[in-house]
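Chemist: Based on the hints, put chain B in the right spot on chain A.
Here are the chains, one letter per residue:
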Amino acid sequence: MQPAQLEIEHVSVAYNGQPVLCDVTFHVPHGARVAVVGPNGAGKSTLFKVLVGLLPWHGGRILIHGQPLGHHHDCVAYVPQREEVDWRFPLTVSDVVMMGRYGRLGWLKRPTKEDHEVVRRCLEQMRIADLAQRPIQELSGGQQQRVFLARALAQEPHILLMDEPFTAIDITTQETIMAVLDELRAQQVTVLISTHDLSLAAAHFDRVLLLNRRVIGYGTAQEVFTQKQLMEAFGGQLLILGEGAVVIDQCCAPEAQRRSRA
Amino acid sequence: MITWLTAPLAYGFMQRGLLASLMVGILCAVIGCYVVLRGMAFIGDALAHAILPGIAIAYLLKGNLLIGALAAAVLVALGIGFFSRQGTIKEDTAIGILFAAALSLGVLLISTIRTYAVDLTHILFGNVLGVSTGDLWLTGALTVLVLATIALFYKEFLVISFDPVLATTLRLPVEWLRHLMLILLALTVVVSLQTVGVGLVAAMLVTPGATAYLLTRRLPAMMAVAALIGAFSSISGLYISFYWNVASGAAVVLVATAIFLVVFLFAPQRGAFWQWRRGRQQAVLERCAEKEH
Numbered sequence: 015m016q017p018a019q020l021e022i023e024h025v026s027v028a029y030n031g032q033p034v035l036c037d038v039t040f041h042v043p044h045g046a047r048v049a050v051v052g053p054n055g056a057g058k059s060t061l062f063k064v065l066v067g068l069l070p071w072h073g074g075r076i077l078i079h080g081q082p083l084g085h086h087h088d089c090v091a092y093v094p095q096r097e098e099v100d101w102r103f104p105l106t107v108s109d110v111v112m113m114g115r116y117g118r119l120g121w122l123k124r125p126t127k128e129d130h131e132v133v134r135r136c137l138e139q140m141r142i143a144d145l146a147q148r149p150i151q152e153l154s155g156g157q158q159q160r161v162f163l164a165r166a167l168a169q170e171p172h173i174l175l176m177d178e179p180f181t182a183i184d185i186t187t188q189e190t191i192m193a194v195l196d197e198l199r200a201q202q203v204t205v206l207i208s209t210h211d212l213s214l215a216a217a218h219f220d221r222v223l224l225l226n227r228r229v230i231g232y233g234t235a236q237e238v239f240t241q242k243q244l245m246e247a248f249g250g251q252l253l254i255l256g257e258g259a260v261v262i263d264q265c266c267a268p269e270a271q272r273r274s275r276a
Numbered sequence: 334m335i336t337w338l339t340a341p342l343a344y345g346f347m348q349r350g351l352l353a354s355l356m357v358g359i360l361c362a363v364i365g366c367y368v369v370l371r372g373m374a375f376i377g378d379a380l381a382h383a384i385l386p387g388i389a390i391a392y393l394l395k396g397n398l399l400i401g402a403l404a405a406a407v408l409v410a411l412g413i414g415f416f417s418r419q420g421t422i423k424e425d426t427a428i429g430i431l432f433a434a435a436l437s438l439g440v441l442l443i444s445t446i447r448t449y450a451v452d453l454t455h456i457l458f459g460n461v462l463g464v465s466t467g468d469l470w471l472t473g474a475l476t477v478l479v480l481a482t483i484a485l486f487y488k489e490f491l492v493i494s495f496d497p498v499l500a501t502t503l504r505l506p507v508e509w510l511r512h513l514m515l516i517l518l519a520l521t522v523v524v525s526l527q528t529v530g531v532g533l534v535a536a537m538l539v540t541p542g543a544t545a546y547l548l549t550r551r552l553p554a555m556m557a558v559a560a561l562i563g564a565f566s567s568i569s570g571l572y573i574s575f576y577w578n579v580a581s582g583a584a585v586v587l588v589a590t591a592i593f594l595v596v597f598l599f600a601p602q603r604g605a606f607w608q609w610r611r612g613r614q615q616a617v618l619e620r621c622a623e624k625e626h
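Sequence order for the protein chains is A and B.
Position one of the first sequence corresponds to residue 15 (the numbering used here), numbered consecutively onward.
Position one of the second sequence corresponds to residue 334 (the numbering used here), numbered consecutively onward.
Only chain B is shown next, with the shape it has when bound in the complex:
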C-alpha cells in the first residue's frame, strides 16, 4: 500500500503535478464557497472559456501562456462587471455574450496553429503532468495572493454576498469589492488551467463548495471542509490517473462529484436519504395515530 502511494513520487513530473493539483484544489474550493453562495457558477465557467483568446495570443507570440490567460481573464472579469453595472443588461446576459464571443475568438486563433487538436485538448482539459517548476512557482504565488485577499477582506466579502443593501448603507465600496471578487475568481481560473483545464474549472469551483454547504453551518467551516474535499479529490484523482492511465482533470472532477453524491444522499439531517426516511416516518405516523413509533 505504502509503495503504491510512494511509487509515483519517484517521478519529478508527478511531484510537481501533485503539488499543483493540491494548491489548485484548495484554492478553487475556498473561493468556490463564494461562487456557490453568490450563484456565480456561470461566471466561473464563462471566465474559464473567455481565457482562451489570451492563451491563443500568448501561444502565437510565443509568450508565457499563463500570463496571456491572466490578462484575458482580468479583462473579461472587468468587462462583465462593466456591462452589468448599470442594470441595462442583466448580468447573466452580459456574461453569455462575452463568454461566447471570447470562446469563438480563442478557437478562431487556435485553429490557425498547426497542432490545433493537441494544444486545444491540453487547454480544454488540462495537462497537469506537464507542469514546469516555473509554473509551480507562479501557481504558488497566485494561490497565496488569492487566499490572503479572501482572508483580509473576509467580513467585507461576507456582507456584500449576504446583504449588499446593508453593505451599501454601511458605506462599503460594494462595486469595488464585487470587481475585486471577480478578479480573484479570474486568477483562480487561470491557476486551474494547468490541472483541470478550461472545460472542468467550473466543477472544481462548485462541487467542493456545494458538498461542504451540506455538511456545515458557518462560512469558515464551509471553506475548511471544501478545501479538504478539494485537496483530497485532486490528489486521489491524480493517483487514479497515474495507475489507470486516464485523463487527470476528469479523474479529479469525478472524485469530487462522487463525494458530492454520497454527501447529498447521506449528509446528517440534510441528506436526501434522511429526508426521505423522515418523510416516510411522518406519513406512517399520520396514517395510524396509534403507538406505531
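Chain A extracted, bound-state conformation:
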C-alpha cells in the first residue's frame, strides 16, 4: 500500500442540523482514479464541497499529503456541475479558463505570459483551442463541461474533483474527458468523479466509493458492485432481474438535490 494522498477519517456533515454524511472514512492512494457512486441525495456533491473547503464538517479529520485541509493552497481543483453558474455572463472561453490562474496570481497582479501559455495549453488539451475567443453564452453543454475542466487543469491541481461531468454531454466530450484523465494519471494527479453511470465507473476507474449518506462500499468495482451493497445503496430504485442483471431507475436530479445545491 502506497502512502495515502487523501485521507478522510470519520467525517460527518450536516445541513441545518440534518445529517447528510455520517462517519465517512476512506483513503485515496497517490494518483488513483475514484468513482463516487450513489443515489440522488446520497451526499456526493456534499462530499466534494467539504473537500474543497466550501462546507464545514463535524468530527474526524481530512488530510491531504498528510497535512490538514486548507494547508495547501492550490492543491485541490473542483469542477462543479455546469448549471451552477450563469452562462450568459459576458466572458470568453479563455477568460473563464484564466480564472483558474487567479489563485496563483495574487492581489493586484495581471496574468503573465506564462499564465496565457498555461491557458492555451489547457484549451488544447480539452480540444477547444478554436473556441478560445468565443463568448460562453454560445457554448453547448459538452463545450461548457470542457471549459470547466480546462479551467480546473489551469489550476494545476494535485487532486481533481469533478461533480457529474458525464451528465447530459455528447459522446465526443466524454471521450475527450476520459483521454485527459489518462494524461492526468500519467502526471500522478488524484481524481475523484461522481457519476450515475455504474458501467462507466466499473470500466474506467481504479476504485469505486459507493455512498448513501455513509460509505457502503469502497474498493474495486468487483468488490463494491455486489447485489447486496447495491441494494443497500439504491434501495427501491433497484430492480433485480434474473441472471444477476440489475436495473437502476434514475434519470433526473430530484427537487431535494437541487435545493441542496442552491
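Just so you know, these hints were derived from the structure itself, not from any lab.
Everything numeric in this text was worked out from a predicted model, so none of it was measured.
Treat the hints with caution; some may be incorrect.
[Said to hold, decoys possible] Straight-line Cα separation of at most 30 Å, DSBU-like style, residue types lysine-lysine; simulated pairs:
| id | chain 1 | residue 1 | chain 2 | residue 2 |
| --- | --- | --- | --- | --- |
| 1 | A | Lys127 | B | Lys488 |
| 2 | A | Lys123 | B | Lys488 |
| 3 | B | Lys423 | B | Lys488 |
[To be verified] Computed Cβ-Cβ distance ranges for the label pairs, DEER-style:
| id | chain 1 | residue 1 | chain 2 | residue 2 | range |
| --- | --- | --- | --- | --- | --- |
| 4 | A | Leu214 | B | Ser437 | 55 to 63 Å |
| 5 | B | Leu548 | A | Gly73 | 14 to 22 Å |
| 6 | B | Gln615 | A | Asp211 | 23 to 31 Å |
Cβ coordinates follow ideal geometry from the N, Cα and C atoms, glycine included.
Modeler: For chain B alone, kept in the frame of chain A given last:
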C-alpha cells in the same frame, strides 16, 4: 447649433451641473455592469432609499448632507451583508425589511422640517443645478476612489460574480469582497443623489449596463460602452432640462431609457427585431421546403 451647445456653459451652475452629471453618469454605468450581472438592482434601489434618514439627520444637525448620506449608506450596506450572511433570511427579504424601515425613518425625520415638500423633492429627484464647488470636489474624489477600486480588484470581483464557488476554492475572501462591492455601490448611490436623486438612481445603475450587455461580449467592453451611454444620457438630459425647463434627473433617465429601447429592438443579432425576423424566416423556410430563400 454650436451656440445652442455653448450657451448653457455661460452659467456657472450649468458648468458644475454638467461636470457632476458626467461623473455620476460614468460611475453609475461602470458599477452598474456588476449590478446588472449580479442581479443587484433591488439592492441599489434599496440603498438609495435607505440613505434618507442619514440625509435627514445631517439636515437637522445642519451638517453636510452628503456625509450624512454616506454614513447611512455604508451602515445599510453592511447591514444587508450581515443579515443575509448566515442564510437564515434570504437576501432580498433582508433588503426589503431594511429598505422600508430606513425609508420610513427618513420620511418621519424630514416631516419634522418646515419646508418638507421642497426638500423632499430635491432629495427624491435630485437638484443637479444646485451643485456647489465643494460638492463637485467630493463627487470627483468619490468617483475616482470607486472606479480605481473596481479596476484594482477587477479579477476578484469578476470571479465572485461569475462563480463564487471557484472564488472560495481559490481561497479568496469572498465575504469581504462582497461587502466591499456593497460599499462601493453605496458610495455610488450617494454621489448620484445630487444629479438624479434617490428615486432614480436605480435606473442610472441598471439601464446603461443592460444596454451595453446587449451590444458587447466581454466585461471590459460592456463597462466602456455603459460608461459612454451613461455619459451621453447625463449630458443630453441636462441640455433637455435646460432648454425645455423640465426636471433634470428625469430627463437623464428618459434619455438612457430611450437608448435602451432602441438597442433592445435593433441590437445586432440579439435585438428583438432581428430575432423576430429570424423567427419569421425560419417559419417561412419550414413551411415551404422549396427554394423560398
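Chemist: For the pair we were handed, lysine 423 of chain B and lysine 488 of chain B, check the Cα-Cα distance against 30 Å.
Modeler: Holds. Lysine 423 of chain B to lysine 488 of chain B sits at ~27 Å (cutoff 30 Å).
Chemist: Can you let me know if the beta-carbon spacing of leucine 548 of chain B and glycine 73 of chain A is within 14 to 22 Å?
Modeler: Hint violated: Cβ distance 53 Å, outside 14 to 22 Å.
Chemist: Is 55 to 63 Å a correct range for the gap between the Cβ atoms of leucine 214 of chain A and serine 437 of chain B?
Modeler: Given about 59 Å between the Cβ atoms, the range holds.
Chemist: Is the distance from the Cβ of glutamine 615 of chain B to the Cβ of aspartate 211 of chain A consistent with 23 to 31 Å?
Modeler: Given a distance of about 36 Å, which is not inside 23 to 31 Å, the answer is violated.
Chemist: Would the hint linking lysine 123 of chain A and lysine 488 of chain B be met if the CA-CA limit is 30 Å?
Modeler: holds, 9 Å
Chemist: Quick one, are lysine 127 of chain A and lysine 488 of chain B close enough, alpha carbons at most 30 Å?
Modeler: Distance of about 17 Å is within 30 Å: holds.
Consistency note: the structure conflicts with the earlier hints numbered 5 and 6.
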